[in-house]
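Top line first, the protein sequences correspond to chains A and B.
Take the numbering used here: the last position of the first sequence gets the number 237, and nothing is skipped along the way.
Take the numbering used here: the last position of the second sequence gets the number 237, and nothing is skipped along the way.
It should be emphasised that the hints constitute simulated quantities derived from the structure, not laboratory data.
For glycine and all other residues, C-beta sits at the position ideal for the given N, C-alpha and C.
It cannot be assumed that every hint is accurate.
[As the list claims (entries may be wrong)] Take a look, some chain A residues computed to stay more than 10 Å from chain B by CB distance:
1. GLY19
2. GLU27
3. VAL85
4. HIS88
5. LEU94
6. ALA115
7. VAL120
8. MET131
9. ASP154
10. ILE175
11. TYR194
12. ASP212
[To be verified] According to the in silico footprint, chain A covers these stretches of chain B (three or more CB under 8 Å from chain A):
13. 10-20
14. 215-221
[As the list claims (entries may be wrong)] Facing chain B, according to a computed beta carbon distance under 8 Å, are these residues of chain A, among others:
15. GLU90
16. LEU91
17. GLU143
18. ALA147
2 protein chains.
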Amino acid sequence: MVVIGNEILSGKVVDGNSGLLARELRELGVSLDRVVVIPDDTETIADTVARYSAEFDVVFTSGGVGPTHDDITIGAVAIAFDREVVIHPELRRLLDGWIDGDLTPAHLKMAEVPAGAELVADEHFRFPTVMIENVYVLPGIPEIFKAKVAGLRDRLRGQPWYLRQIYVSSDEAAIAPSLDATLEAFSELLLGSYPRLDRSEYSVKLTLESRDEQYVDAALDDLVGRLPAGSVLRVER
Amino acid sequence: MVVIGNEILSGKVVDGNSGLLARELRELGVSLDRVVVIPDDTETIADTVARYSAEFDVVFTSGGVGPTHDDITIGAVAIAFDREVVIHPELRRLLDGWIDGDLTPAHLKMAEVPAGAELVADEHFRFPTVMIENVYVLPGIPEIFKAKVAGLRDRLRGQPWYLRQIYVSSDEAAIAPSLDATLEAFSELLLGSYPRLDRSEYSVKLTLESRDEQYVDAALDDLVGRLPAGSVLRVER
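The following block holds chain A by itself, in its conformation from the complex (with noise of 0.2 Å):
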């Protein structure tokens, strides 16, 4: 994910796109593999799309979308792909249903896409989203990104993963030979650990995930064995 944000750079808004996203595709069975918030700027942008698009399956990138001076994200994505800018008809013509009067150049600019793009959209199309090569051009105001992402579930699902947690009143460094151990027995394991430092009622989270149900569960019995005599406070399955 590629988020263009003079605004989240400089501290005035916090990024709350990324975070949805990362839900969203979880979900989906689909993993997240970069985020970076890049500013705006036309170069920066061209380089860190084409560099995404190459490295991975699927890049999105959130913001720069809009009529003013500021949304420079079409043109960047059409340099990234060495494409002109050209106005999409099916933009124009639901802008022409949505606004009074004539369209103006601000208004046109929201019709913009690099040549050879295409509209993705769910069966009300009430929110066509942008999509070039393997890159879905999405806007950051809040609100439309859910609404877009919303739409595009469908093709992006893929295979879930499997979460189970323990909770311990250990620290860290009691229960690390443990995680050890079983890391060597269960080596395709992720296992996370989390320690919370405020009062709350545990020490330490951890995390274990796989997209293989049996596996986990496995990990999680052979993990619990090992953690040191009554640590354990809970268990979520």
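With the hints as your guide, set chain B onto chain A.
Quick look at chain B alone, frame taken from chain A:
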């Protein structure tokens, strides 16, 4: 900023450290140019840190520091700079003071640093930060991350930014020509345009920024004069 965090990419935890660092740096007059969230993977961390260290003046990492198997940042940063991992005597001394009894291998892991790293600390030396080349290695636990960043303030301070804001009732398409005209006259101005879709009292918030206070105020007057009559709801100086 390089955020190391499977838990963030998988949507289980919302990263608050990047927002905190963005706000802190902004207050100190330092530009944050990039935030990237990457998985807990040694090669990815080493590659990213090496690249960012060469490209930017200063790099902060967040996460992957501690006593367990998933705390791999120190080793990865060592690889980025082609160093060995060694036990830092000062960190070992601090741990000896905190821990009852002998230090275990898991405890000692918390004293590891890339060879040649220095410890940066405020006068209390309660939260020394590992620094190697131009990279500050910070832990992911929000409370400690915050305390360590606070301890670095005096080292990081730069030239302040001046921010002015205009709240308008018109939509972005209607004000785009005014924004373009002001940018033509004030080409150094950082001008942001942020529409709100929820039913708030304004339609668009405009942010004007510069490191020159007189310049941003002149640009503000210029833009207020150009915006459509009656569209300016409020100006924040």
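Now for the hints, and whether the structure bears them out:
Not every beta carbon of chain B lies more than 10 Å from that of GLY19 (chain A), the smallest distance being close to 5 Å; the non-interface claim is violated. Distance check on GLU27 (chain A): its Cβ comes as close as 8 Å (rounded) to a Cβ of chain B, failing to clear the 10 Å threshold; non-interface status is violated. Separation of VAL85 (chain A) from chain B is adequate, the least Cβ-Cβ distance of about 16 Å exceeding the 10 Å criterion. Interface exclusion of HIS88 (chain A) from chain B stands, the closest Cβ pair being 17 Å apart, more than 10 Å.
No beta-carbon of chain B comes within 10 Å of the beta-carbon of LEU94 (chain A); the shortest separation is about 14 Å. Consistency note on ALA115 (chain A): stated as away from chain B, and its beta-carbon is indeed over 10 Å from all of that chain's, at 23 Å minimum. The Cβ of VAL120 (chain A) lies farther than 10 Å from every Cβ of chain B, with a closest approach of about 21 Å, so its non-interface assignment holds. With 10 Å as the threshold on Cβ separation, the claim that MET131 (chain A) sits away from chain B holds: the shortest Cβ distance comes to roughly 22 Å.
Separation of ASP154 (chain A) from chain B is adequate, the least Cβ-Cβ distance of about 19 Å exceeding the 10 Å criterion. Distance check on ILE175 (chain A): its Cβ comes as close as 7 Å (rounded) to a Cβ of chain B, failing to clear the 10 Å threshold; non-interface status is violated. In this structure TYR194 (chain A) is not separated from chain B by more than 10 Å, as the shortest Cβ-Cβ distance comes to only about 6 Å. Every CB of chain B lies more than 10 Å from the CB of ASP212 (chain A), the least distance being 16 Å, so the non-interface label holds.
Counting residues of the stretch 10-20 of chain B whose CB lies closer than 8 Å to any CB of chain A gives 8, which reaches the minimum of 3, so the coverage claim holds. Remark: the stretch 215-221 of chain B is not confirmed as covered by chain A, as 0 of its residues place a Cβ nearer than 8 Å to a Cβ of that chain, below the required three. For GLU90 (chain A), the interface hint is violated, since its Cβ never comes within 8 Å of a Cβ in chain B; the closest pair sits about 19 Å apart. The beta carbon of LEU91 (chain A) comes no nearer than 14 Å to any beta carbon in chain B, farther than 8 Å, and the hint placing it at the interface is violated.
With a least beta-carbon distance of about 5 Å to chain B, the hint placing GLU143 (chain A) at the interface is held under the 8 Å criterion. A distance limit of 8 Å between C-beta atoms decides the matter here; for ALA147 (chain A) the minimum to chain B is near 10 Å, and the interface restraint is violated.
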